[in-house]
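Colleague: Below, each chain spelled out in residue letters.
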Amino acid sequence: MKVLVPVKSVAQIDGEPLLDGAAEVSPDLLEWRLNEWDEFALEAALRLVEGDGGEVVVVTVGQEEAEEGLLACLAKGADRAVRIWDPALAGADPLAVAGLLARLATEEQPDLILGGVQSSDSGNAATAVALAGLLDLPRVAVVAGIELDGDQLTVERELDGGAIEVLRLRTPALLTVQTGINEPRYATLRAIKQAKAKPLATLGPAELGTDAAAALALAGSRTVALAMPERGEGATMIDGPPSAIAGRIAEIVTAEVGS
Amino acid sequence: MPGLLLAATKSRPILWDTPLGLEVLWYGLVGLSVLVFLYGVARPLARYRRGNRDGLPPLREVPARFWQATRKVYSQAMIARRNPAIGWAHRGIFYGWVVLAIGTVIVALSHDVAQPLFGAGFYDGNFYLGCKAFLNLFGTALILALLAMMVRRAVVRPARLDYARPDRAPGEEGAERRGYRVGDWAFVVTLLVIALTGYLLEGLRIAMEDPGYNAFQFGGWLVAQPLAALGDPTLAALRHGAWWFHGLLAITFVALIPYTKAGHMLSSYASMVFRDPLAGKRLAPIPPERADAPAGYGTLGDFSALHLLQLDACTKCGRCHEVCPARATGRPLSPRDVVLELGEHSRHPRGDSPGGLLGGLLDAGGAAAEEGAIGPEAVRAETVWSCMQCNACVEACPVGIEQAPIINQLRRRLLEEGELDAGLQATLQQIHKSGNSLGQSRRSRGKWTAELDFEVKDARAEAVDVLWFVGDYASFDPRSQRVTRTLARVLHEAGVDFGILYEGESNAGNDVRRAGEEGLFEMLAERNVEQISACSFNRILTSDPHSLNTLRNEYPDFGGSWTVVHHTDLVLELVEEGRFGALAPLHHRVTYHDPCYLGRHNGTYEAPRRLLELLGCELVEMPRNRDNSFCCGAGGGQIWITEQGGTERPSENRIREALELQGVDLFVVACPKDVTMYEDAIKTTASDGRLRLVELTELLDEALARGPVAAA
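Protein sequence lines, in the order shown, are assigned to chains L and D.
Be aware that the first sequence starts at 76, since it is given in this note's numbering, and climbs by one per residue.
Be aware that the second sequence starts at 2, since it is given in this note's numbering, and climbs by one per residue.
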């Protein structure tokens, strides 16, 4: 049983963002962390392998900062990590990333690919789904429960109103995992340090039989500008004891809506 | 061969009227007793050899430490502390035992060494009478003290001697620890019987021989009075019987010392010699050679020799049990039971062990190496996570056991195995990413300065006299920020040249380390040491006792050795220097809570009290004050751990204690975590109207706002 887990190091803007319409945020303002959904996907993969034996391989498309996230995955128990990068890939969209991942998956031949539903920074929810399409794999999105029996997968999805949908499919397959499916384990800082002894390969597009230009040729979209929404006006702060605040709110409601 | 009967004899016969065969048997039994004793001493020593060397003092320090421990043992100060009456009772037993043992050795030296070598012993004449008087005096003290202790156990029954375990449900196997109760009683009863039969023996001799000098052997003379009527043949038979009974019981007791509660004479003494003076203040780093091994204690095989010795040194006095805030608030933890539980696993591992006497010696600790320290049948995870690392147990322990640091080692392992609270996990990840525990942006650490009407210097950019390490709560928590700004204004007004590190500062790591995340602590310490070392300053100031503790006691292991002062120390200095002029007396009636990490960990008790005095406040002490202060419940990472069970919050317990004080309406604190904990507890106990929380700096600010007093 081999499980491939594509992960993404997402950028968090530290402090109040200073966006002025440029297409990028200044790297000084960014803090990197592993995408939350991917933590649940990795945990699901680790639990499947711990039960039945096998290998968990994590892969990311990202610059050097992403290695910290891969080390955390290795610290938690992933067996190998692969980072795919080329400076020309900066700003690559989900389709371009999925194309590179598909080439790696073709080499690795995993029984199962577990990705997060989406990334918290760009929120496209597209990469894993595109990867399934490129590999022509059966896929289920937004999974809330996974059971594996031989090559038989039973997965659950939560539908509107709390109904549970149960699906069966055979491996190889691709699932995108929802948060809350499990409780991701903690990687101690010592474990992260020790994980440096585990295999972490860095590959360029050439090693996957393509080049950055070809990878980017799949691009479907491009970021043009980033900006904060304009701050709304009309908010009134009310101070004072609770009774005075309640009285003032009553006045405003009466004035705006009518009694 | 009865000696010549004289009206007055300054001696007594040794081995009176004993045939050669029985004499040989006696010496054989004495020899056997010594062998059993020595085997009992060697076995734990062989076990300790398997432990790692962490925390042991360098060899050159041992003589001085031995001397210190010996002075303490002979003064019995560690037992008398907080319990003068118990101190005197234990002194009676201790000195009674020591003097009687020395008396027996003197007899043996005279009879078995001097007699055969020089043809004459020395146990006679005035020396004999002096010995007799001493032995009678201390024998009586021993008996009285034993009786006092027995009354305490049977009648007074203090809570600390109750063996019911808070970490086991009532009725669960081992929840009562009956075995220990039996052992305790066997110990005191045996000592009492040995002492009483000693007097009986003396009385029988006096009744038979009437040697005179009754005042020198008053105990025996007293016993002899009713016996005199019995007649010599009966007395002689009784004397033989009593001699063998007393003798056999005494040598059996000696043989069993290392195997019973009496063993604390050896193990507790040794523990006091090797105790770490910084226990709990500076936790053990992980040495480089074990960087790749699992952290902390998972099995007894992971324990240091020092901690293994401490597990054997416990006398079950229950002082840690009594002071533990987790135990007092109904959580499943008693430091005593952690030590006893681990000690049982260390001494009696369940795994396979080669049998036989030799096996016991050769494999000592071998089976224990595999013996799990954490688990349902050992120390439970919930127990490990109930600890507040407040060090009250370490402080209370009379024999130097490190309960809190041992629990910390168990945490290190639990953390690696992923057994930690989700709230704690999220906070640790937060600290790793942004350097603070409150989920705030790293860049906003210095934002509290924005509301001041002066600039706070960036100590990274320019030299300062005082480098202020602000800490997480004081930097980010809105209530504590008010205190922080007040302190900044006070320092500014006093003309102190100070600066802060702004976003260069990270969580100091004191509580990260106490939560068991050693790797993250190392990272934070390294990062802060790097930032601080690049600055030019004379001393470090902090208002956070937790940061103070780790900066002062733990950063030296990471290359940062500086003078670190608490703000109460610095503010006191400024007031005493007259930087604010004469202060208007506030006339408040207040109580003060000693923060664990300021008081117990760092010995600052006077500065806040002196400040209160200078501010014209009347201090009414909390019943539990100074080194016996009661934790607010935030320590050891508890402030990040989702609250679990318990009968009440430690902070509420503390507020209720303050509410008992007559006419006190201000609860004074000197720690940002206390500000948060007690502001909450005052609300949740609905005490808003009766008690108000105030930070010490805010009182100074109040005095300053009233303006200087005109000189009289």
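Hints are not guaranteed to be accurate.
Said to hold, decoys possible - So the derived label-pair ranges between C-beta atoms look like this:
| # | chain 1 | residue 1 | chain 2 | residue 2 | range |
| --- | --- | --- | --- | --- | --- |
| 1 | D | 448 | L | 319 | 28 to 36 Å |
| 2 | L | 268 | D | 183 | 28 to 36 Å |
| 3 | L | 273 | D | 693 | 31 to 39 Å |
| 4 | D | 289 | L | 312 | 53 to 61 Å |
| 5 | D | 289 | L | 99 | 40 to 48 Å |
| 6 | D | 183 | L | 126 | 41 to 49 Å |
Think of the hints as simulated: they come from the structure by calculation, not from any bench.
Note that CB positions come from ideal geometry on N, CA and C, so glycine has one too.
Colleague: Each hint needs a verdict: does it hold in this structure or not?
Modeller: Hints, verified against the model:
| no. | hint | result |
| --- | --- | --- |
| 1 | D/448 with L/319: 28 to 36 Å | holds (29 Å) |
| 2 | L/268 with D/183: 28 to 36 Å | violated (50 Å) |
| 3 | L/273 with D/693: 31 to 39 Å | violated (56 Å) |
| 4 | D/289 with L/312: 53 to 61 Å | holds (56 Å) |
| 5 | D/289 with L/99: 40 to 48 Å | holds (42 Å) |
| 6 | D/183 with L/126: 41 to 49 Å | holds (48 Å) |
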